[in-house]
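Q: Chain by chain, the residues run as shown.
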Amino acid sequence: KAGVTQTPRYLIKTRGQQVTLSCSPISGHRSVSWYQQTPGQGLQFLFEYFSETQRNKGNFPGRFSGRQFSNSRSEMNVSTLELGDSALYLCASRGAPSTDTQYFGPGTRLTVL
Amino acid sequence: QKEVEQDPGPLSVPEGAIVSLNCTYSNSAFQYFMWYRQYSRKGPELLMYTYSSGNKEDGRFTAQVDKSSKYISLFIRDSQPSDSATYLCAMTSNSGGSNYKLTFGKGTLLTVNP
Chain G
59 KAGVTQTPRY
69 LIKTRGQQVT
79 LSCSPISGHR
89 SVSWYQQTPG
99 QGLQFLFEYF
109 SETQRNKGNF
119 PGRFSGRQFS
129 NSRSEMNVST
139 LELGDSALYL
149 CASRGAPSTD
159 TQYFGPGTRL
169 TVL
Chain W
889 QKEVEQDPGP
899 LSVPEGAIVS
909 LNCTYSNSAF
919 QYFMWYRQYS
929 RKGPELLMYT
939 YSSGNKEDGR
949 FTAQVDKSSK
959 YISLFIRDSQ
969 PSDSATYLCA
979 MTSNSGGSNY
989 KLTFGKGTLL
999 TVNP
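If you read the sequences in order, they're chains G and W.
Heads up, the first sequence is in the working numbering, so the first residue is 59 and it goes up one at a time.
Heads up, the second sequence is in the working numbering, so the first residue is 889 and it goes up one at a time.
Just chain G, same shape as in the assembly:
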């Protein structure tokens, strides 16, 4: 079974721009979560989507948003990019709301100049 895929793998943007990252979960998985990983803060939870609905949200500003489509694919958007948004953005999927293990994709490395 194919794993979680994320596109693009690498991205360079400038301050003030916006960016959209994409995630395709493992086939059959309906829950998608997003995390931000930085050297200083480690892995931090952004939000989770299930059946096109956001179910949980971390402590990030409103510039970070996401959505999920009917095929469970998810996108994350960051508007008005800041230098501090440079990070590895990881997507993780799990099989159902009641399962407790997440499987991560390879991440998208975002650099903001």
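Just so you know, the hints here were simulated from the structure itself, not pulled from any lab data.
There are no misleading hints in this set.
Here are a few chain W residues that face chain G, going by a calculated C-beta distance under 8 Å:
1) 932
2) 988
3) 989
From a predicted model like this one, the values you see are computed outputs, not experimental measurements.
Here a beta-carbon is modelled for each residue, glycine too, at the ideal position from N, C-alpha and C.
Starting from the known structure of chain G, fit chain W onto it as the hints suggest.
A: Chain W only, in chain G's frame:
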């Protein structure tokens, strides 16, 4: 105080050594505990998952949970150069539902030298 504390290392050991990695946590609501391994420029890979206090073994890996002390460990026996990676502990308070999220330690960088 952060919810999950993990010594970032780096930790360097010779091949064949026993490695001990640890995390402490402050939130007594955490009930489910995981260890992930992350190679450079890759996403985290689930290694071990435990629920109850005690030990769980899988090959060369043993996960240990002590809920009374809010302390979890991962032991790697007969360590190999291929084990060189960052090890992340993660935990959550519920097994699913609408409030599911993982809280991670910052990770320990391990290098196993041939």
